[in-house]
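Which chain is which? The protein sequence lines are A and B, in order.
According to this note's numbering, the first sequence is numbered sequentially starting from 1.
According to this note's numbering, the second sequence is numbered sequentially starting from 1.
Hints in this document: simulated from the structure, not taken from any laboratory.
Certain hints may be false.
[To be verified] Covered stretches of chain A (chain B as the covering partner; in silico rule of three or more C-beta atoms under 8 Å from a C-beta of chain B):
1) 18-27
2) 44-51
3) 69-80
4) 132-141
[Stated by the list, open to error] No more than 30 Å apart at the CA atoms, straight line, and that leaves these computed lysine-lysine pairs for DSSO-like:
5) B:Lys18 / A:Lys67
6) A:Lys26 / A:Lys39
7) A:Lys4 / B:Lys54
8) A:Lys39 / A:Lys144
Keep in mind that this is a model prediction, so the values were computed, not measured.
Think of the CB as a built atom: it goes at the ideal place given N, C-alpha and C, for glycine as much as any other residue.
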Amino acid sequence: MDVKYILPFLESVKSVLEQFGLSDVKRGEISKRDIMHVKTDITAVIGIVGQIRGNIAYSMSKDTAQKIVSSMMMGMPVEELDQMGRSAIGEFANMVTGNASALLENSGLKVDITPPSIVFGQDVYFIISSVQTLSIDMETPLGKIEVNIGLEI
Amino acid sequence: MDKKFYQPFCRSTKDIIKEMAGIEIEGMESMEEEEGEISSMGVSSIITFAGTRKGRLLVDMELGLALYLANTILGEAYTDAMDRMVLSTVSEINNIVSGNAITSLNNSYSMDLRLAPPVVFTGQDMVISIPKINSLSSQGYTEYGKISINVAWEGGNK
Chain A
1 MDVKYILPFL ESVKSVLEQF GLSDVKRGEI SKRDIMHVKT DITAVIGIVG
51 QIRGNIAYSM SKDTAQKIVS SMMMGMPVEE LDQMGRSAIG EFANMVTGNA
101 SALLENSGLK VDITPPSIVF GQDVYFIISS VQTLSIDMET PLGKIEVNIG
151 LEI
Chain B
1 MDKKFYQPFC RSTKDIIKEM AGIEIEGMES MEEEEGEISS MGVSSIITFA
51 GTRKGRLLVD MELGLALYLA NTILGEAYTD AMDRMVLSTV SEINNIVSGN
101 AITSLNNSYS MDLRLAPPVV FTGQDMVISI PKINSLSSQG YTEYGKISIN
151 VAWEGGNK
């Protein structure tokens, strides 16, 4: 998988979090996977169609999700991920992936994103791509967000 | 959104499973409005699509049925849901079901829909939530376990 397809997603995690006033987002470990074993609580999956096809899954702990939702709502305390909170996590995945698709479009690849789905549950095994999945840890001040990129290219 | 945009998925699920594994799905005739979250029965697969509208198909089944399908289609005796081949079978079935339904929608209503690759997952006590989209579900039964599908279209409640 060419790095030019990967970077837009990582850049977008960073720039979307910056919009919520969070700087200091660093790229952590990168690994290649066949089956994705998610040990955190929440995974938001979003699809990509167009000149490239694939799925992007963002996994994070409940704690990180609550903090993201809280920062999206101007620091309003979030004690529980209710329907509104879940919807906000979906929106976060939408913003990151939408931003990345705009960056891809700038480099000449026309893509469209599909509605996000959110899966709750610990110890979940995922396959998001029949080709390969790259998993990149993004270390943020709110905790780790694992960005799993499965593009069929 | 009109029932005609949901119904092709029920028909397609029944047809494809019968064709590929030779089993009949009882039920799965009508679709009910789904409220909020969906608890997975064991193995779930999601395919999303985009065109003039965006939507999603969730196929959810009990482990017994997933294993039966993998064993029948691939001719091996799998016993573990985490086996890559079992998960791949379920995602491939979803791919064919969605492809089939999407083709019929594209032909009838020029929706220009394209599929994203399938996502498949399994685990304990999984709950699936699709924010901001109203969806319809349909339940079916086979002698090897239950299966249900859930179809959602963005703006479907308008």
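Against the structure, the hints:
Closer than 8 Å: that is the beta-carbon criterion, and the region 18-27 of chain A has 0 residues meeting it against chain B, so the requirement of 3 is violated. Check result for the region 44-51 of chain A against chain B: holds, 6 residues qualifying (beta carbon to beta carbon below 8 Å, three or more required). Counting residues of the region 69-80 of chain A whose beta carbon lies closer than 8 Å to any beta carbon of chain B gives 0, which falls below the threshold of three, so the coverage claim is violated. Counting residues of the region 132-141 of chain A whose CB falls under 8 Å from any CB of chain B gives 0; the rule of at least 3 is not met.
Simply put, Lys18 (chain B) and Lys67 (chain A) have alpha-carbon atoms about 46 Å apart, too far for the 30 Å limit, and the pair is violated. Taking the CA atoms of Lys26 (chain A) and Lys39 (chain A), the gap is about 21 Å. The hint holds against a cut of 30 Å. At roughly 26 Å between alpha-carbon atoms, Lys4 (chain A) and Lys54 (chain B) fall within 30 Å of each other, so this suggested pair holds. As the CA atoms of Lys39 (chain A) and Lys144 (chain A) are separated by approximately 12 Å, the hinted pair is consistent with the 30 Å bound.
Hint check: violations occur at hints 1, 3, 4, 5; the rest are consistent with the structure.
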